[in-house]
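Protein chains: 2
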Amino acid sequence: MKMTKGGITAPKGFTASGMSAGIKKSGKKDLVLIYSEQECEAAGLFTTNKVQASCVVINKQHLKNGKAQAIIANSGNANCMTGKKGFADSRTMASAVAKLLDLSKQDVLVASTGVIGQPLPIKKIVTAVPVLVGALKRSGSKDAALGILTTDRTVKEVATEIIIGKTKVRIGAIAKGAGMIHPQMGPPSAPSSAKGYGRAQQGYGGAKHATMLCFVSTDAAIAPTALRVALNTAVENSFNMITIDGDMSTNDMVLLLANGMAKNKLITKDSKEATVFGVALQSLFLTLAKLMVRDAEGATKFIELDVTGARSTKDARKVARSIASSNLVKCALFGSDPNWGRIAAAAGYSGAHVDPWKMRIYIGKELVLKNGGPTNVATAVLDAAFAKKDIQIHVDLGLGKQTAIAYTCDLSTSYVKKNSAYRT
Amino acid sequence: MKMTKGGITAPKGFTASGMSAGIKKSGKKDLVLIYSEQECEAAGLFTTNKVQASCVVINKQHLKNGKAQAIIANSGNANCMTGKKGFADSRTMASAVAKLLDLSKQDVLVASTGVIGQPLPIKKIVTAVPVLVGALKRSGSKDAALGILTTDRTVKEVATEIIIGKTKVRIGAIAKGAGMIHPQMGPPSAPSSAKGYGRAQQGYGGAKHATMLCFVSTDAAIAPTALRVALNTAVENSFNMITIDGDMSTNDMVLLLANGMAKNKLITKDSKEATVFGVALQSLFLTLAKLMVRDAEGATKFIELDVTGARSTKDARKVARSIASSNLVKCALFGSDPNWGRIAAAAGYSGAHVDPWKMRIYIGKELVLKNGGPTNVATAVLDAAFAKKDIQIHVDLGLGKQTAIAYTCDLSTSYVKKNSAYRT
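Chains as they are written, first to last, in my numbering: chain A, 2 to 425; chain B, 2 to 425.
Some hints here could point you the wrong way.
A pair holds if it fits inside one copy or across any two, identical chains being indistinguishable in the list.
Computed list of lysine-lysine pairs in DSSO-like fashion (alpha-carbon distance at most 27 angstroms, straight line) [said to hold, decoys possible]:
1) Lys371 x Lys124
2) Lys359 x Lys85
3) Lys418 x Lys291
4) Lys273 x Lys124
5) Lys143 x Lys6
6) Lys85 x Lys13
7) Lys85 x Lys366
To be clear, the hints were calculated from the coordinates, so they are not data collected in a lab.
Between the sequences and the hints, there should be enough to build the whole structure, so can you do that?
Below you can see the structure in the form of structure tokens.
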């Protein structure tokens, strides 16, 4: 797939802006707006954590009609576990944008990432919104991509062009995430236990709280069901298959806006065009998901975990994520210690069907386990395979035909240091 | 409960020995024997990992008749993922003991812990067994307790006396475990996928591989069903509620031998005496489980996680273990960073029923979260609560009456260092 420039503003009719509203003490960009000049078909996937930030709960409400036209997002404060005030503040963010852009409040989506348990400095945000709206521009993707970062070291911004019928259609996206990354996002119908009441109180502020956010724009004309299917499938095979530290955030979300301005033949569910769109979307998400893992807090290595031969796709995913989440496997990878026994153990406790006598494990191209025991691969060869910066681990369960791929990083002393003293 | 001396040889009729057979390069004790002069009612609980060491598979077979009289255990080599040779070696260990002590092979149980994927030096073991048998003595508990250690820094040995009817009954136990600790042990009926065939091959040896082992002796006369119920309940509320690194081992086991030599009135299921026995057993296991967590690789803190107000016991256990396993929570504890938001997030992704508006979180006695937001507890107070070496975290879910307690440690840079370069 050809990658193009322009990020989230590559598709027709989208503008974006990013600025510092003074939420981050560093003075870096922390407030972002994404806007489509026409109302969009919209869909979102959200953290399945039962503890959800107010923005997650409110977006689910706003997406009930399947429409949206703008996204306002802040970094530096997750506005999570902030009681009733938190919910009011998220609504105020949406209202401020809606008023200035003459939109229905329901057409504005909200996202927050950063410190938890601390009241959002909502006055700073409300004061900044007119500037933010004024700064909207066709080349604003980079500013927006910068403005959602927290512990990330790199900007995460992608775009592509596909042909639907004979029409060029563009998809663009920005994302953030480097820690508290173990997404398991589901559709808004997944129940939330938050009820919108409560009481915010001043107090200790907590610490940084990373999250994954991904905002996606497209000028495709696409039917709502086709949009949802494409989004669900793409997320399931990308963001939902990465892990950095095994901790699922309270704020994870992917929001997709499709404004139809490419004027392509409408993409309908199960059509050939839906496949083209879905493949492109998944490819963009995979690129972003891998960027997150490469940018993971303290990571020194990038690991691809291929599981084959599973009885079911669910089993394959379980095994891949179990190994990708194992602290012992990740410590061994950090130390370039070719400890494949830990990989076998993590497969064994994944909950999937695993037969140790049928399982084969490959590190890169080296077969290290078969017939329930070690192969005769030389120590030096294995050491070299584990010493690489990019490592592919392949587990063939030998039980069926289903497969899955997960991505993870190593667990380093630097990760522990970063996350043991992360006050803001 | 009164703790007594004597460890696993405190009960009548038990002897033990421990020696160096040359399995560990350090020359430390690595071969252990526990023997009862009378045949015992026996029961075991084993790792539910689908990848199981040969000793686990063989013990399940040997325990089918509910009888045993001796346990031989080695440290320094887990004899796991060693193919067909591994199974033959475990059987050889049992046979060597059976022959010298004139027992049925089936009455000898086997345990291994240490390096994985490396052939067991079975000749060294067979050569040592006569010495091991000759060294059996009533005061041998300490030698046995030393001989099963791997990465442990402290010996784990307990004993107690209880009164059954009017008769004194003794229970003793030894244990080991400091890493790869996230036990979820079940009865032998839990299916194993290992089939006893395969092929061992020379090759790279892997690295150290900790595990939890616990061997228990009692001179109680106890009916088999009462023994099983007491063992299952005690393990469920002790070892199965600790976690060090979230990695379930392939070799975890608890073996209990009851020789009846106290000549008490037979303890039957659901009797008052069964409760007395069960409470004592659980108390011993809790002591050992806490010793493991305090001895955890790299740990600088001991954390007790109390969950109350859950809809079900299962939910309470899920929440407790989820928080206890969270890397981000454990990093915060290492850094004395009072980041209670991570605790809330880990409760939220536990899979249990959680309502963020009803949940309350206490650090020590300090209430930090209620009504979905922070309380006004002073930063200095919270800092002090998190700076302690022993920290109690209490999560009241506010949804029901069920409770659970889990134990864990912090995640330190030292843990990562130890487990990233753990060659032997």
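Task: Intra- versus inter-subunit Cα pairing at 27 angstroms for Lys273 with Lys124 - done: neither (48 angstroms within a copy, 65 angstroms between copies)
- [ ] Up to 27 angstroms between alpha-carbons, please classify Lys359 paired with Lys85: within, between, both or neither.
- [x] The answer is between: 13 angstroms across copies meets 27 angstroms, while 54 angstroms in one copy does not.
- [ ] Evaluate Lys85 and Lys366 at a C-alpha cut-off of 27 angstroms and name the case that applies: within, between, both or neither.
- [x] Answer is between: at 25 angstroms across copies they meet the 27 angstroms cutoff, but 54 angstroms inside does not.
Open item on the list: Treating 27 angstroms as the Cα threshold, decide for Lys371 and Lys124: within, between, both or neither.
Closed with: between (62 angstroms within a copy, 25 angstroms between copies)
Open item on the list: My question is about Lys143 and Lys6: at a cut-off of 27 angstroms on alpha-carbon distance, are they close within one copy, between copies, both, or neither?
Closed with: within (10 angstroms within a copy, 69 angstroms between copies)
Open item on the list: My question is about Lys85 and Lys13: at a cut-off of 27 angstroms on alpha-carbon distance, are they close within one copy, between copies, both, or neither?
Closed with: neither (38 angstroms within a copy, 64 angstroms between copies)
Open item on the list: If the cut is 27 angstroms between Cα atoms, do Lys418 and Lys291 qualify within a copy, between copies, both or neither?
Closed with: both (23 angstroms within a copy, 26 angstroms between copies)
In summary, the structure is inconsistent with hints 4, 6 from the numbered list given earlier, while agreeing with the others.
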